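Residue numbers (my numbering), protein chains in the order written: chain U, 2 to 526; chain V, 153 to 567.
Each hint should be verified, as a subset may be incorrect.
[What the hints assert, rightly or not] Straight-line distance between alpha carbons at most 25 Å, and here's what the computed PhoX-like set of lysine-lysine pairs gives:
{"no.": "1", "chain 1": "U", "residue 1": "Lys526", "chain 2": "V", "residue 2": "Lys475"}
{"no.": "2", "chain 1": "U", "residue 1": "Lys29", "chain 2": "U", "residue 2": "Lys80"}
{"no.": "3", "chain 1": "U", "residue 1": "Lys138", "chain 2": "U", "residue 2": "Lys127"}
{"no.": "4", "chain 1": "U", "residue 1": "Lys135", "chain 2": "U", "residue 2": "Lys109"}
{"no.": "5", "chain 1": "V", "residue 1": "Lys475", "chain 2": "U", "residue 2": "Lys279"}
{"no.": "6", "chain 1": "U", "residue 1": "Lys524", "chain 2": "U", "residue 2": "Lys279"}
{"no.": "7", "chain 1": "V", "residue 1": "Lys516", "chain 2": "V", "residue 2": "Lys557"}
{"no.": "8", "chain 1": "U", "residue 1": "Lys524", "chain 2": "V", "residue 2": "Lys516"}
No lab work stands behind these hints, which were simulated from the structure alone. Only a predicted model underlies this, so the values are computations on that prediction, with no experimental measurement involved.
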Amino acid sequence: MSEDALQYDAIVIGAGHNGLVSAGYLAKAGKTVVVLDAAEFVGGAARTAEISPDYQVSTAAHLVSSFPRRVEKDLKLSKHGLSWATKDMATVALDRDGKHITLSSGGKNDLMKIAAHAARDGDAWKQFDARMRKYVKLLAPLLEGPMPQTGKDAPSRLATMMALRLEKLGPKDLRAFMQLMPSSVAALLDRNFEGDLIKGALSLDATLGNHAGPHTPGTGFSLVYKRALEAMGQGVGYPVGGTGALTEALATSAEAAGVRIRLESPVNQIIIEDGRTKGVRLEDGTVFEAPLVMSSADPKTTCLDLVGARHFEAPVATHLSRIRMEGATAKVNLALEGLPTFKNFTDKEYGGRLLIAPDMGTVERSFTAAKRGELTLEPVMELVIPSYHDPRLAPMGHHVMSIVLPNMPYEINGGWEAQRDMLMKRVIDTVREYAPDISHKIIAGELLTPPELEESFGMSGAHWHQGNMSFDQLLAFRPAPGMANYGGAVDGLYLCGAGSHPGGGLSGLPGKFAAETALAREKSK
Amino acid sequence: MTDRQDDQALADAAIDVSRDSPLNGAGVAPDPAWFEQSVVEEPFSRHVLTTPLHLDVAAESRTNRWVDWSGYTVADVYTSVDQEYDALRTRAALSDISPLIKYRVSGREAVPFLNRLLTRSVETLNIDRAARAILCAGDGNIITQGMLFRLAEEEFRLVVRSSHLDWLEQSAIGFDVRVEDVSGTIAGLSLAGPAAAKVLAAAGMEKPEALSKGEARWEQLGGMPTYVSRTGMMGGTEYELWTDPSDASVLWRRLLDAGRTQGIRPVGAAARDVARLENGVALEGVDYQSALTAFDSADTRTPYDLSLGGLVDLERTVFNGQKSLSRVADRGSASVLVGLELALAEGAPIGPVCMEESRVGQVKSHAWSPSLQCVVALAVIEASALGASDGFTVETAGSSRQPVKLAKRPFLRFS
Ligand SMILES: Cc1cc2nc3c(=O)[nH]c(=O)nc-3n(C[C@H](O)[C@H](O)[C@H](O)COP(=O)(O)OP(=O)(O)OC[C@H]3O[C@@H](n4cnc5c(N)ncnc54)[C@H](O)[C@@H]3O)c2cc1C
Chain U
2 MSEDALQYDA IVIGAGHNGL VSAGYLAKAG KTVVVLDAAE FVGGAARTAE ISPDYQVSTA
62 AHLVSSFPRR VEKDLKLSKH GLSWATKDMA TVALDRDGKH ITLSSGGKND LMKIAAHAAR
122 DGDAWKQFDA RMRKYVKLLA PLLEGPMPQT GKDAPSRLAT MMALRLEKLG PKDLRAFMQL
182 MPSSVAALLD RNFEGDLIKG ALSLDATLGN HAGPHTPGTG FSLVYKRALE AMGQGVGYPV
242 GGTGALTEAL ATSAEAAGVR IRLESPVNQI IIEDGRTKGV RLEDGTVFEA PLVMSSADPK
302 TTCLDLVGAR HFEAPVATHL SRIRMEGATA KVNLALEGLP TFKNFTDKEY GGRLLIAPDM
362 GTVERSFTAA KRGELTLEPV MELVIPSYHD PRLAPMGHHV MSIVLPNMPY EINGGWEAQR
422 DMLMKRVIDT VREYAPDISH KIIAGELLTP PELEESFGMS GAHWHQGNMS FDQLLAFRPA
482 PGMANYGGAV DGLYLCGAGS HPGGGLSGLP GKFAAETALA REKSK
Chain V
153 MTDRQDDQAL ADAAIDVSRD SPLNGAGVAP DPAWFEQSVV EEPFSRHVLT TPLHLDVAAE
213 SRTNRWVDWS GYTVADVYTS VDQEYDALRT RAALSDISPL IKYRVSGREA VPFLNRLLTR
273 SVETLNIDRA ARAILCAGDG NIITQGMLFR LAEEEFRLVV RSSHLDWLEQ SAIGFDVRVE
333 DVSGTIAGLS LAGPAAAKVL AAAGMEKPEA LSKGEARWEQ LGGMPTYVSR TGMMGGTEYE
393 LWTDPSDASV LWRRLLDAGR TQGIRPVGAA ARDVARLENG VALEGVDYQS ALTAFDSADT
453 RTPYDLSLGG LVDLERTVFN GQKSLSRVAD RGSASVLVGL ELALAEGAPI GPVCMEESRV
513 GQVKSHAWSP SLQCVVALAV IEASALGASD GFTVETAGSS RQPVKLAKRP FLRFS
């Protein structure tokens, strides 16, 4: 395909991981594909960049926990440069007094540490974890492919998929599952645990990246769903070179398959003619033509702005306009002169996924503050030291720390310019409670506020899932009721980003399923 | 009055004048009471709504029989259904149709907005013309029906049976268009019957007969700006007059006066309903339910089910219900609305419509047609039963099954 061709079999909007996965699968099926991205880099929110010279970090998304082995193999990613620094980071809930707990699948030592906070929680965790695994099995078949196509028998097929497994659960677990579905994660955890720390950490896990607090109804299910998505992956991992290395490998693999990736190419219109897609128009007026348009921009932007509401029947446009994607995340990345000293830390813990969420109240307060457009006094966070696994990210002996800050207001009272230093201070102060020497180790740091993340990663509203991942917006309702088939409303248009089933996070699955759906539909014609 | 009293009164007046009267020139402090509104009604305080014509209508009522229409109290019968029907079909009939819902749709993208809202393109609708309008939901079933008037290049008025502002607002997402409910700012009068044009001429309209079906124009009737349209749903000669609510009462009396020699009568909802049935028009809320408010989805109908497929244009850009309607168009309706005639002098059809022993449909509305001297009814029948042209029966009150005949709609034709 020549460098300046304007006609393709398929156009993919967005060179984030989902767009690239889609492009890869389409090319594998023999399609000529161009990927267009507004940014100067590939990767979308999965990108590695420097904090300051020689200190590399995954600027936004920092952990890969749901990326399937299947996709890695299909697209020959290891051949194209992907390797893993680690694939089994433990989740560690930090305790101010050094009584940290590790949420693993039940090592004796880990259970004892949990029990140190509340005697019965060790056993409770074992039971809870086992039950969660059953629920995950229950959901798994729904995540392994597209939702059943719309059609008369879709509901019954869906029901059979679920019902078989529901029966297997047994009456006790079934009752617990039914109770869990609408529950808040706070109610769920209160039913199971006594200790504040374990509840704080699990409630953060359930709400991370969503506009929700522990007391928000439905967050119990979010926790199960998150684990189900992780079960599609290969463990909580970190690619050598950061998440950007994953998307680099995806890009190289796609290009090897003949895909053309064109950066700095913002699409501002998807062209529709006679009810089907004809191509896209860039901001500078260039037109690319293809019968197939895959968009990994979020569904609301894709359909209402790039296509235009008028090309959908009103109920569809209304559903789209109601997708809840408020709520936002901020990111702090630090370059460190050496490893900070966390009280009582073992090796494994330094290499873990660290959660700061001392109790559910703190998590809830961060949500309340976000709702009010305020900065929380005690930020909760997910924190990793990637250089611990991948030393090349920083000079010898030096480190980088990557901190995700959930529940940050998109619009903050007084404006972000006035509040950013305060946020940075509160983050460092909070980390210092666990690693007292942190301040002395910082050489450089960056803070990306939600508007800045939106600006540099093209994520509208800085929402990391292109739509809240709550039950009403998952599975058959993702991205919107009646649209769970990656498009459907306009012929030739497919939604292949995190806004589609099975949702956000670095899984590549929306990209894969969208491509497969498009190819299957073409074949059936 | 004595002189002394007189003087006293004058003195009092002098004081009063200096203090109170705005007529007393400059330097008088305004009393806030001058600006107070006399009647203050809390919003939503009233539950029984009356139209701007209520007092006039009440003055004509001899029966005190009223009926609810979209929350408004309107006359059901003024004197007797027979008399009113007679005026409607042989002379002139005046009715209050103010409870109709009116939306103003305006703006740069009013046309594309309406194209997506309605089952037909409005591109070809000329200014001062009205066309039948159908709004469908995503499932292809009718939300409501009515008339669309084009008032200017970018200004339309949509007059429909039931209120669906939320649907219109949702449909407006992404369009540069303004949608307002102007129901309260426009009163409606219907003038129907063979003598209607003469009445209008006598009331001051020039050449009302020149107005063709579906046409409308602005008129000054006794100095009152009135939008007169040749529209209606009862068949025969029909005009509808749209005016400011504060003029409505004067216009009503003016028309009654002008029509006296023609034998005009105020006509209530009951007689109008007979006429609408004779004209074969299915009524929302009676013969079918709105797609957005139906309790049972089995009561909703697509335009095809009502034989209104001619008002659906599938071959164009996206409109609400398009996908579902193309499927219905391909497969055909499952059940359709048909006209039935029963050769009964009396007795209402109540039971299901049957074919031999099996039940194939249900009568939705019916009336004794004085013109046809039989009972006319609208019924919903399974499309599969329509192969046969006779053999249908229906249960009636009092007697057993009666044979019924399928009839073309409209039942009654006007030359
Ligand atoms: C701060 C933060 C931390 C996160 N941490 C994690 C994590 O640790 N683990 C995890 O799994 N997930 C994480 N996520 C979520 C994860 O980043 C997203 O779910 C994922 O990036 C979605 O991938 P995508 O390919 O669907 O979309 P994106 O990565 O957002 O890519 C979309 C691409 O489309 C481009 N684009 C958009 N509009 C246009 C247009 N009109 N024309 C041209 N190009 C356009 C954008 O420039 C962008 O490159 C995080 C998100 C945030 C914000």
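(message) Run through the hints listed earlier and report the numbers of any the structure violates, in increasing order.
(response) 8
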